[in-house]
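Chemist: Protein sequence lines, in the order shown, are assigned to chains A and B.
Last residue of the first sequence: 249 (our numbering), numbering continuous.
Last residue of the second sequence: 98 (our numbering), numbering continuous.
Some chain B residues near chain A, calculated using beta-carbon distances under 7 Å:
1) Leu15
2) Asp16
3) Asn18
4) Ala19
5) Ala21
6) Gly22
7) Asp31
8) Thr33
9) Val34
10) Ala49
11) Glu50
Listing some non-contacts, in silico: residues in chain B with all C-beta distances to chain A over 10 Å:
12) Phe28
13) Val29
14) Glu40
15) Gly43
16) Arg73
17) Phe81
18) Leu83
19) Met85
Derived from the structure by calculation, the hints contain no laboratory data.
Each residue gets a CB set at the ideal place from its N, CA and C atoms; glycine is no exception.
Here are the chains, one letter per residue:
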Amino acid sequence: MAEVNDVIPETHRVKTLLLGIPGWPGHLPGQHVDVRLTGEDGYQAQRSYSIASAPDAFHVSLTVERISDGEVSPYLVDELHAGDRLELRGPIGGHFVWTATQGGPLFLIAGGSGIVPLMAMLRHRSAAGSTVPAVLLYSSRTLEDIIYREELSNLVGKGDGLTVAHALTRARPAGWAGYARRIDQPMLAEVGFPASARPRVFVCGPTSIVESASQLLLGLGHERSLIKTERFGPTGG
Amino acid sequence: MEKTKDGALPLDGNAAAGLLRELFVLDLTVASLTCEGCGAVATVAEVRVYGGRMGAIFRCGACDTPVLRLSRTPSGFSLDMRGARCLRVPTAPA
Chain A
13 MAEVNDVIPE THRVKTLLLG IPGWPGHLPG QHVDVRLTGE DGYQAQRSYS
63 IASAPDAFHV SLTVERISDG EVSPYLVDEL HAGDRLELRG PIGGHFVWTA
113 TQGGPLFLIA GGSGIVPLMA MLRHRSAAGS TVPAVLLYSS RTLEDIIYRE
163 ELSNLVGKGD GLTVAHALTR ARPAGWAGYA RRIDQPMLAE VGFPASARPR
213 VFVCGPTSIV ESASQLLLGL GHERSLIKTE RFGPTGG
Chain B
5 MEKTKDGALP LDGNAAAGLL RELFVLDLTV ASLTCEGCGA VATVAEVRVY
55 GGRMGAIFRC GACDTPVLRL SRTPSGFSLD MRGARCLRVP TAPA
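Kindly generate the complete structure, drawing on both the sequences and the hints.
Modeler: Below, the structure written as structure tokens:
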């Protein structure tokens with residue numbers, strides 16, 4: 013059982029749960045947990061949520077997007093408060109994982125809340141003092157939907173080799189200097205590393221973004237074995 | 005993010021990692037699986053998964069052959085691996 017120590021609003025649909033978990037064995041950046049809710053009638057629903065925190069962070073944090081017709085996320089985002097308890101198991105999954113010792117370059121591609129496991133990697137990279145060249149390409153609907161916007165900007169400001177490029181797919185503020193379209197091949201070629209640099213690529217987001225980005229990356233000559241993907245359910249980038 | 009939803013779009017083996025860990029000692033999501041239907045080799049984490057409350061069906065991304073069916077009942081697990089020619093499971097994280 014985890015105890016919710018705090019709930020932090022990130023965007024209008026997204027919150028971060030800071031958890032205290034007795035006996036937590038530690039995790040690798042990119043891993044997730046399974047959260048299980050049990051109703052008063054015994055009905056159970058279980059969902060997977062990526063861990064947002066770096067391994068050495070004080071809290072294990074989960075960043076959760078409210079899916080309006082979801083069974084679990086509306087409860088996590090709207091009903092949970094500090095002091096509540098949460099049944100979860102984890103950390104789980106050894107595939108979609110990056111640690112600084114694996115080296116780089118690191119090319120991260122996120123759609124919407126697919127940023128969460130990638131943020132754990134970037135937080136870890138920063139905490140570990142790694143200067144592995146890293147690029148994050150992050151697609152969101154609007155400026156207000158960008159999760160961790162300020163923290164990402166601060167991480168870039170450290171000047172330790174991280175670049176972040178944003179793409180906004182639905183609406184842009186006046187004077188927006190980032191991309192104003194969905195992720196496409198010219199964008200991947202422009203912001204990312206060339207295939208010859210053999211970057212480790214992690215793509216996380218809705219199935220549609222993951223499938224299209226991986227195909228485009230293969231088209232650019234990136235090796236299939238260096239592209240790791242994680243898909244999640246119905247939601248938009 | 006919410007990764008599993010009954011009857012929704014296919015997810016992938018990452019989302020079934022917890023279910024697999026209930027049955028296997030090693031992390032099966034880092035294993036490579038050879039499809040009996042077309043011979044394609046894929047990491048289990050990247051295989052398409054159609055999941056629900058009761059279990060998951062894993063399908064080859066290249067030819068759609070069901071390669072693993074794992075279900076959980078109140079009395080135990082049922083694993084049907086017709087469709088998987090070979091499963092190579094590393095003993096250390098990939």
